[in-house]
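Novice: Listed below are the residues making up each chain.
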Amino acid sequence: MEPYEKIYVSRTFLDTDHGQVECVDCHGGNPEDTDWQTAHEGLVKDPTFPDAESGCGECHPDISAGTQASLHYTIAPIGKAVMRRMGAADAGVQAAMDKARERHCSQCHASCGQCHVSRPDYVHGGFLAQHNFQKTPPMETTCASCHGGRIFGEFTGLNKKIAADTHFEDEEMTCMDCHKAEQMHAPAGEGATRHQSTHRPRCEGCHPDEAAEDVQAPAHRIHRDKVACQVCHAQPIKQCYSCHVGTDAQGIAYFKCQKTELDFKIGRNPRPTPERPYAFTVKHHPPVVPETFDFYSPGALKDFALHPTWTDAAPHTIRRITPQNRTCNGCHGQRKLFLDVKDLDDWEVEANAAVVVPDDQIPSTLEADEVPAN
Amino acid sequence: MQRGRFSRWMPLIIIAALSFACPLAGQEAPTSTCVQCHTDVKKLIRLSWEVERVRGKPKVSAENEGEG
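Chains A and B are the protein sequences, given in the same order. Counting from 1, position 355 in the first sequence corresponds to residue 355 in the working numbering; the numbering is continuous, with no gaps. The working numbering runs 1000 ahead of the 1-based position in the second sequence.
Extracted from the complex, chain A is given alone in its bound form (with noise of 0.2 angstroms):
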């Protein structure tokens, strides 16, 4: 995107609603000076952030009030999921952690501003549609500026081998087919995770008839509450390892990603719960060492192995039909498809202790007579 297109606005905008409030009630700065220079001082370039009820709160007060609060908007998880690895620090060990976690961490938010009128700042903002407001954020644009890395690839068939989601390539479906309104605007509980919220989209959401106690397809009937839909019908994923961020010399804040790679891993879920009862999930490995850190503060992650690196993972790779789910023994007896020891370094099989499937908890392999007829 060309710097002047980032900041362009159509003279349509000035016909909408939001284009008949001044610039300078939304933005700030001085709308008289004719030098840029001086006429940005005290610009506000996103009004949203961080505070979305005084941006939006007089025409959308539910919206906004929700909105502040939300996974999107805070990216709470982030800082509680590093400040459970780092247990109780001192306050020199919590400053420095609070200096890498706003360098690294804090610039993945999303305001009001920076899902319906711009790009993230992430990477570096710029207006979707010349300033005119979308109420529905374009995938491509928006969710992809963030979830680029492994979600939109995956979804829409951007990895190797890798077939494109059927949600997206059978049905042409967006994020925001799934992911509704509701779901970005809800504020999120105390100490919850994408897992958590209640407005998250559920595969029972669509298909039922699939997830019901009488369903006809002996697979589901049998798997049913045992296994998350994901084991049997997603492909493999982006997994991430041994992440290290740090500032360079020029004071730019840099990560280095020692390896990534497509695989599928089925592990144990640690805490079954009434809405996620099931005994295997698929896993996904997040970037994060011990010493992903140790830059700003050596050996911050003190409670490193009291959490699993292993954690259940949303793919966003459905097909009908996977390798695994095939046929019976593509799944049973397949030892390389379960979280094993061996997949682990050193330093995280005391964290991945309850996720591992041993050797005795693998489906054993059926015989011809033990497959049951469709």
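Bear in mind the hints are in silico, worked out from the structure with no lab data behind them. It cannot be assumed that every hint is accurate.
Unchecked claim - Capping the alpha-carbon separation at 30 angstroms, the derived lysine-lysine pairs in DSBU-like fashion look like this:
#1 B:K1057 / A:K45
#2 B:K1059 / A:K6
#3 A:K259 / B:K1059
#4 A:K226 / A:K180
#5 A:K259 / A:K161
#6 A:K256 / B:K1059
#7 A:K99 / B:K1057
#8 A:K45 / B:K1059
#9 A:K256 / A:K80
#10 A:K302 / A:K256
#11 B:K1059 / A:K99
#12 A:K6 / A:K256
#13 B:K1042 / A:K45
#14 A:K256 / B:K1057
#15 A:K6 / B:K1042
#16 A:K6 / A:K99
Unchecked claim - Covered by chain A, according to a simulated footprint, are these stretches of chain B (three or more residues, beta-carbon under 8 angstroms):
#17 1031 to 1045
#18 1055 to 1066
What the hints assert, rightly or not - Which chain B residues stay away from chain A? Per the calculated CB distances, all over 10 angstroms, these:
#19 R1008
#20 W1009
#21 M1010
Just so we're clear, the structure is a prediction, and the values are computed from it rather than from any experiment. Where a beta carbon is used, it is the ideal one built from N, C-alpha and C, also for glycine.
Given chain A, put chain B in place with the hints provided.
Specialist: Relative to the frame of chain A, chain B by itself:
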């Protein structure tokens, strides 16, 4: 005949009278400097060069490695 000629000029007379009464009719409302600049592509292109000269391009660390 006299009356017909009067009715032919009547619309023009009304328009002229309204124009004197509302001198801004037909003109665009005055716009702020923000609108004048941000809706003018040529001006924005010129200014973006100047901004880049003053502030430099957004920087990405040369030390980045792997997929972010």
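Novice: Work down the list of hints and note, for each, if the structure agrees.
Specialist: Verification of the supplied hints:
no.: 1; hint: B:K1057 / A:K45; result: 17 angstroms, holds
no.: 2; hint: B:K1059 / A:K6; result: 17 angstroms, holds
no.: 3; hint: A:K259 / B:K1059; result: 24 angstroms, holds
no.: 4; hint: A:K226 / A:K180; result: 28 angstroms, holds
no.: 5; hint: A:K259 / A:K161; result: 19 angstroms, holds
no.: 6; hint: A:K256 / B:K1059; result: 17 angstroms, holds
no.: 7; hint: A:K99 / B:K1057; result: 24 angstroms, holds
no.: 8; hint: A:K45 / B:K1059; result: 19 angstroms, holds
no.: 9; hint: A:K256 / A:K80; result: 22 angstroms, holds
no.: 10; hint: A:K302 / A:K256; result: 21 angstroms, holds
no.: 11; hint: B:K1059 / A:K99; result: 19 angstroms, holds
no.: 12; hint: A:K6 / A:K256; result: 29 angstroms, holds
no.: 13; hint: B:K1042 / A:K45; result: 22 angstroms, holds
no.: 14; hint: A:K256 / B:K1057; result: 22 angstroms, holds
no.: 15; hint: A:K6 / B:K1042; result: 14 angstroms, holds
no.: 16; hint: A:K6 / A:K99; result: 29 angstroms, holds
no.: 17; hint: 1031 to 1045; result: holds (count 10)
no.: 18; hint: 1055 to 1066; result: holds (count 9)
no.: 19; hint: R1008; result: 37 angstroms, holds
no.: 20; hint: W1009; result: 36 angstroms, holds
no.: 21; hint: M1010; result: 34 angstroms, holds
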